[in-house]
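Residue numbers (my numbering), protein chains in the order written: chain G, 1 to 199; chain R, 200 to 398; chain D, 399 to 597.
Don't read these hints as lab results, they were simulated from the structure.
A couple of the hints might just be wrong.
What the hints assert, rightly or not - Partial chain D-side listing against chain R, Cβ under 10 Å, derived: (1) G427; (2) Q509; (3) C536; (4) I539.
For each residue, glycine too, the CB sits at the ideal point set by N, CA and C.
Listed below are the residues making up each chain.
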Amino acid sequence: MTLIELLGVLAFAFTGIIEARKKGMDLIGVYGVSMMTAFGGGTIRDLLIGHYPLFWIAHSNYVLILLGFAIVAALIKAEFYENPHVNQAFEVLDALGLGLFATVGASIAQQNGCDFYISVLLGVVTGVFGGILRDTICNEIPNVFKRNELYATCAFLGSTVLLGGLQLGVDVLHATLVGIAVTVLLRLVSVKYRIKLPF
Amino acid sequence: MTLIELLGVLAFAFTGIIEARKKGMDLIGVYGVSMMTAFGGGTIRDLLIGHYPLFWIAHSNYVLILLGFAIVAALIKAEFYENPHVNQAFEVLDALGLGLFATVGASIAQQNGCDFYISVLLGVVTGVFGGILRDTICNEIPNVFKRNELYATCAFLGSTVLLGGLQLGVDVLHATLVGIAVTVLLRLVSVKYRIKLPF
Amino acid sequence: MTLIELLGVLAFAFTGIIEARKKGMDLIGVYGVSMMTAFGGGTIRDLLIGHYPLFWIAHSNYVLILLGFAIVAALIKAEFYENPHVNQAFEVLDALGLGLFATVGASIAQQNGCDFYISVLLGVVTGVFGGILRDTICNEIPNVFKRNELYATCAFLGSTVLLGGLQLGVDVLHATLVGIAVTVLLRLVSVKYRIKLPF
Numbered sequence: 001m002t003l004i005e006l007l008g009v010l011a012f013a014f015t016g017i018i019e020a021r022k023k024g025m026d027l028i029g030v031y032g033v034s035m036m037t038a039f040g041g042g043t044i045r046d047l048l049i050g051h052y053p054l055f056w057i058a059h060s061n062y063v064l065i066l067l068g069f070a071i072v073a074a075l076i077k078a079e080f081y082e083n084p085h086v087n088q089a090f091e092v093l094d095a096l097g098l099g100l101f102a103t104v105g106a107s108i109a110q111q112n113g114c115d116f117y118i119s120v121l122l123g124v125v126t127g128v129f130g131g132i133l134r135d136t137i138c139n140e141i142p143n144v145f146k147r148n149e150l151y152a153t154c155a156f157l158g159s160t161v162l163l164g165g166l167q168l169g170v171d172v173l174h175a176t177l178v179g180i181a182v183t184v185l186l187r188l189v190s191v192k193y194r195i196k197l198p199f
Numbered sequence: 200m201t202l203i204e205l206l207g208v209l210a211f212a213f214t215g216i217i218e219a220r221k222k223g224m225d226l227i228g229v230y231g232v233s234m235m236t237a238f239g240g241g242t243i244r245d246l247l248i249g250h251y252p253l254f255w256i257a258h259s260n261y262v263l264i265l266l267g268f269a270i271v272a273a274l275i276k277a278e279f280y281e282n283p284h285v286n287q288a289f290e291v292l293d294a295l296g297l298g299l300f301a302t303v304g305a306s307i308a309q310q311n312g313c314d315f316y317i318s319v320l321l322g323v324v325t326g327v328f329g330g331i332l333r334d335t336i337c338n339e340i341p342n343v344f345k346r347n348e349l350y351a352t353c354a355f356l357g358s359t360v361l362l363g364g365l366q367l368g369v370d371v372l373h374a375t376l377v378g379i380a381v382t383v384l385l386r387l388v389s390v391k392y393r394i395k396l397p398f
Numbered sequence: 399m400t401l402i403e404l405l406g407v408l409a410f411a412f413t414g415i416i417e418a419r420k421k422g423m424d425l426i427g428v429y430g431v432s433m434m435t436a437f438g439g440g441t442i443r444d445l446l447i448g449h450y451p452l453f454w455i456a457h458s459n460y461v462l463i464l465l466g467f468a469i470v471a472a473l474i475k476a477e478f479y480e481n482p483h484v485n486q487a488f489e490v491l492d493a494l495g496l497g498l499f500a501t502v503g504a505s506i507a508q509q510n511g512c513d514f515y516i517s518v519l520l521g522v523v524t525g526v527f528g529g530i531l532r533d534t535i536c537n538e539i540p541n542v543f544k545r546n547e548l549y550a551t552c553a554f555l556g557s558t559v560l561l562g563g564l565q566l567g568v569d570v571l572h573a574t575l576v577g578i579a580v581t582v583l584l585r586l587v588s589v590k591y592r593i594k595l596p597f
């Protein structure tokens with residue numbers, strides 16, 4: 001779980017860095033946006049269920065690692081971030097962060113006594129909230145609220161698969177990996193083929 | 200109290216649904232906005248006083264009921280939401296939600312040991328915060344912050360009437376009903392006759 | 399600490415009042431913005447570390463004092479707030495609030511068991527978050543996120559000086575005063591000479 005969380009933190013931190021640099025922010029802005037993207041979803045989940053201490057306060061390595069990334073990113077030329085490959089990387093990292101955080105979030109909610117459906121919802125919240133903060137601060141309409149490719153829906157299905165699997169007796173590792181795969185693949189397929197909800 | 204809370208959740212959820220559908224959001228967007236409107240005020244109050252578990256996490260029926268409403272609402276044609284009667288219903292439901300949540304919020308704050316004036320303020324916060332989230336996400340300036348008809352003022356007076364009544368020895372049921380009536384009527388009268396604060 | 403907190407509340411409350419009156423808000427709007435500016439940073443810090451009751455809920459005098467200020471401010475003519483001296487006062491009060499809250503925030507975080515770097519960060523959060531709320535509600539881009547004069551950086555250095563001083567054995571009073579002075583002076587110098595981060 002800690003490994004998945006770390007990977008999710010890194011994936012979302014990079015999306016925050018890319019977005020903030022595209023907007024021409026300086027080191028502090030980049031650092032702030034990357035932290036809010038990486039820690040936002042887990043923080044809101046932990047506040048909602050009263051789960052203290054928050055994970056990034058308990059593991060202060062996270063904030064130091066992100067400081068290192070922000071310094072490197074701020075030193076790279078602004079043109080780099082306009083590169084279309086960077087845009088593609090952004091989409092993949094965002095999908096990855098969504099899947100990693102949604103499944104971790106759903107698991108933690110369930111371990112803290114939330115019932116099935118609330119746990120699924122808190123998985124979605126964990127997955128999408130960091131991106132909402134990132135986009136709001138960078139003055140973009142958040143992906144989740146656009147009539148757009150599937151986003152929250154992917155996290156919803158991924159969390160449901162994970163928790164459903166656990167209930168059917170699948171072991172945690174396999175259920176989690178399948179939950180992550182469902183979320184990430186569904187998101188990437190829906191971005192590629194512009195799949196939207198019918199209503 | 201639970202009944203009043205349920206009615207408040209429904210009233211605010213409908214306003215969230217109407218606003219989100221007017222903006223052309225899809226099912227997930229409508230569901231998200233309706234939940235934030237319905238649960239936002241109570242959540243911020245509970246976080247501020249450290250009152251766990253949050254009411255909608257403890258009663259997971261709420262989130263399932265709202266899912267049902269969101270599905271029905273997303274199936275209804277977009278033109279329906281442009282209807283002027285729907286706009287009137289929006290104002291009445293919003294006033295009702297304001298009154299129901301302000302009085303419940305003030306009571307809960309007082310039961311958790313807040314003093315008179317802080318309880319009144321937390322009543323106002325409970326009443327207005329869901330609408331602030333709804334309007335911010337839907338890119339409208341929140342009602343509370345416009346130089347406009349009375350809004351927070353109504354919740355302020357309603358909460359004061361309730362808590363003042365309790366202090367004067369009125370029983371909870373009557374004090375609550377009068378508090379709700381004061382808030383709702385004052386809001387509707389002020390919308391109808393465009394009453395504003397003098398300064 | 400309580401005195402420093404009170405001064406910080408007053409300084410930030412005034413900046414909230416000035417900003418809200420400039421936007422033409424009425425009494426309730428001015429009151430709301432002044433409370434969010436003055437209590438926002440401390441509230442988010444206390445929520446993040448799970449430190450209850452929140453300081454403004456425990457000391458209800460604060461909210462009553464701000465109500466008095468908001469009434470006086472709402473009675474003063476709108477032209478007053480366009481005065482360039484008021485703008486200068488705004489900058490000084492904002493710098494003062496930043497320094498006072500950053501040092502108090504870092505101390506409280508450390509007393510609640512956060513390690514050195516997390517405490518510095520929570521000092522920054524306490525210092526800047528009230529201003530973020532104020533500017534977001536008043537539809538301005540928050541100072542922190544603009545490529546602009548130093549802002550969060552000042553709070554970062556001030557908090558580091560305070561906590562570093564404590565670790566080196568300096569007494570709390572002197573370390574706090576130096577931390578505040580570093581933050582405020584750095585901010586004012588950087589506003590006057592338009593000093594920015596190099597990247």
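Okay, the hints, checked on the actual structure:
no. : hint : result
1   : G427 : holds, 5 Å
2   : Q509 : violated, 18 Å
3   : C536 : holds, 9 Å
4   : I539 : violated, 16 Å
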